[in-house]
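**Q** Sequence:
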Amino acid sequence: MHSHTNTDIRSCCHYVVKLDHNAMSVGVITAVAFKNAKQFEQAKDAYLKEAEYHTENKALFHAAKAYEQAGMMLKDMKKMPEAIQLIEKASIMYVENGTSGTAGIALDRAGKLIEPIDLEKAVDLYQKAASVFENEDRLREAAELLGKASRLLVRLRRLDEAAVSLQKEKNMYKEIENYPTCFKKTIAQVLVHLHRGDFVAADKCVRESYSLPGFSGSEDCVSMETLLAAFDEQDEDKLSRVCNSPLLKYMDNDVSKKKLLTPNY
Numbered sequence: 001m002h003s004h005t006n007t008d009i010r011s012c013c014h015y016v017v018k019l020d021h022n023a024m025s026v027g028v029i030t031a032v033a034f035k036n037a038k039q040f041e042q043a044k045d046a047y048l049k050e051a052e053y054h055t056e057n058k059a060l061f062h063a064a065k066a067y068e069q070a071g072m073m074l075k076d077m078k079k080m081p082e083a084i085q086l087i088e089k090a091s092i093m094y095v096e097n098g099t100s101g102t103a104g105i106a107l108d109r110a111g112k113l114i115e116p117i118d119l120e121k122a123v124d125l126y127q128k129a130a131s132v133f134e135n136e137d138r139l140r141e142a143a144e145l146l147g148k149a150s151r152l153l154v155r156l157r158r159l160d161e162a163a164v165s166l167q168k169e170k171n172m173y174k175e176i177e178n179y180p181t182c183f184k185k186t187i188a189q190v191l192v193h194l195h196r197g198d199f200v201a202a203d204k205c206v207r208e209s210y211s212l213p214g215f216s217g218s219e220d221c222v223s224m225e226t227l228l229a230a231f232d233e234q235d236e237d238k239l240s241r242v243c244n245s246p247l248l249k250y251m252d253n254d255v256s257k258k259k260l261l262t263p264n265y
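For the sequence shown, counting from 1, position 221 maps to 221 in the working numbering; every step adds exactly one.
Errors might be hidden in some of the hints.
What follows is a set of in silico ranges between Cβ atoms, one per label pair, in the way DEER data are often shown [unchecked claim]: (1) E41 x E225: 55 to 65 Å; (2) D237 x G98: 52 to 62 Å; (3) D160 x R207: 17 to 27 Å; (4) D198 x E52: 44 to 54 Å; (5) G101 x E175: 12 to 22 Å.
No farther apart than 20 Å at their CA atoms in a straight line, the calculated lysine to aspartate or glutamate pairs in the DMTMM-like style are these [unchecked claim]: (6) K204 x E233; (7) K78 x E120; (8) K184 x E141; (9) K35 x E52.
Keep in mind that the hints were calculated from the coordinates and are not lab data. All residues carry an ideal CB built from backbone N, CA and C; glycine is no exception.
Full structure from sequences and hints, please.
**A** The structure is reproduced here in structure tokens:
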């Protein structure tokens, strides 16, 4: 049965080439046939032909979909940078077409694909996705994507940028009145600023957070006040106790996993 598959697909493809542009739907079937047969190179080429056809006909959404599919074929071929390039191209077309939400989702997906091999590129993609959602006033999605970027910026030790990213996230969560998440972002900010060696900025983050409903007197607030006092007093034992408390220990943030030392250590 398998011996006929390649011949059938090739003849199908040959047939499509001879068809006029009105029969492009057959080209889509061809791409899917190659994809199902795990012939990713041929599937990619078929999707690219489809994308060109739709671009010529000003059908940007369908062109973008085809470019994205071609990108996914490259992903299956383990050609990640090339895959990401096509998905980014698709996202630009989605925005031009007025379907920005689809662009944001595509960029987020691209970020997840490239993250295991290129953190820098993943940051760029998450930030672009966040920007797309922010322009659509979809702040929850934008904040979540900025959160992914912040996490990787910390891992890359790009702490100045991480501090800016966290502040932007926090502002968005404040705008949508998700105050408990604002508290967690304050903790992350304080830790990043202390790792940057900027006690004044860390202290300012806590003081500014007093205006958030429910922050003052909360576990998050008390923990940060204790942390700052320990840092200011250069009390290594107290600092260690706060850093090893469940609140900080189980935070989903790379910065909480890095050992914090007072200036004398």
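**Q** Evaluate each hint against the coordinates.
**A** Taking the hints in turn, this is what the structure says about them:
no. : hint                    : result
1   : E41 x E225: 55 to 65 Å  : holds (60 Å)
2   : D237 x G98: 52 to 62 Å  : holds (58 Å)
3   : D160 x R207: 17 to 27 Å : holds (20 Å)
4   : D198 x E52: 44 to 54 Å  : holds (52 Å)
5   : G101 x E175: 12 to 22 Å : holds (19 Å)
6   : K204 x E233             : holds (17 Å)
7   : K78 x E120              : holds (19 Å)
8   : K184 x E141             : holds (17 Å)
9   : K35 x E52               : holds (19 Å)
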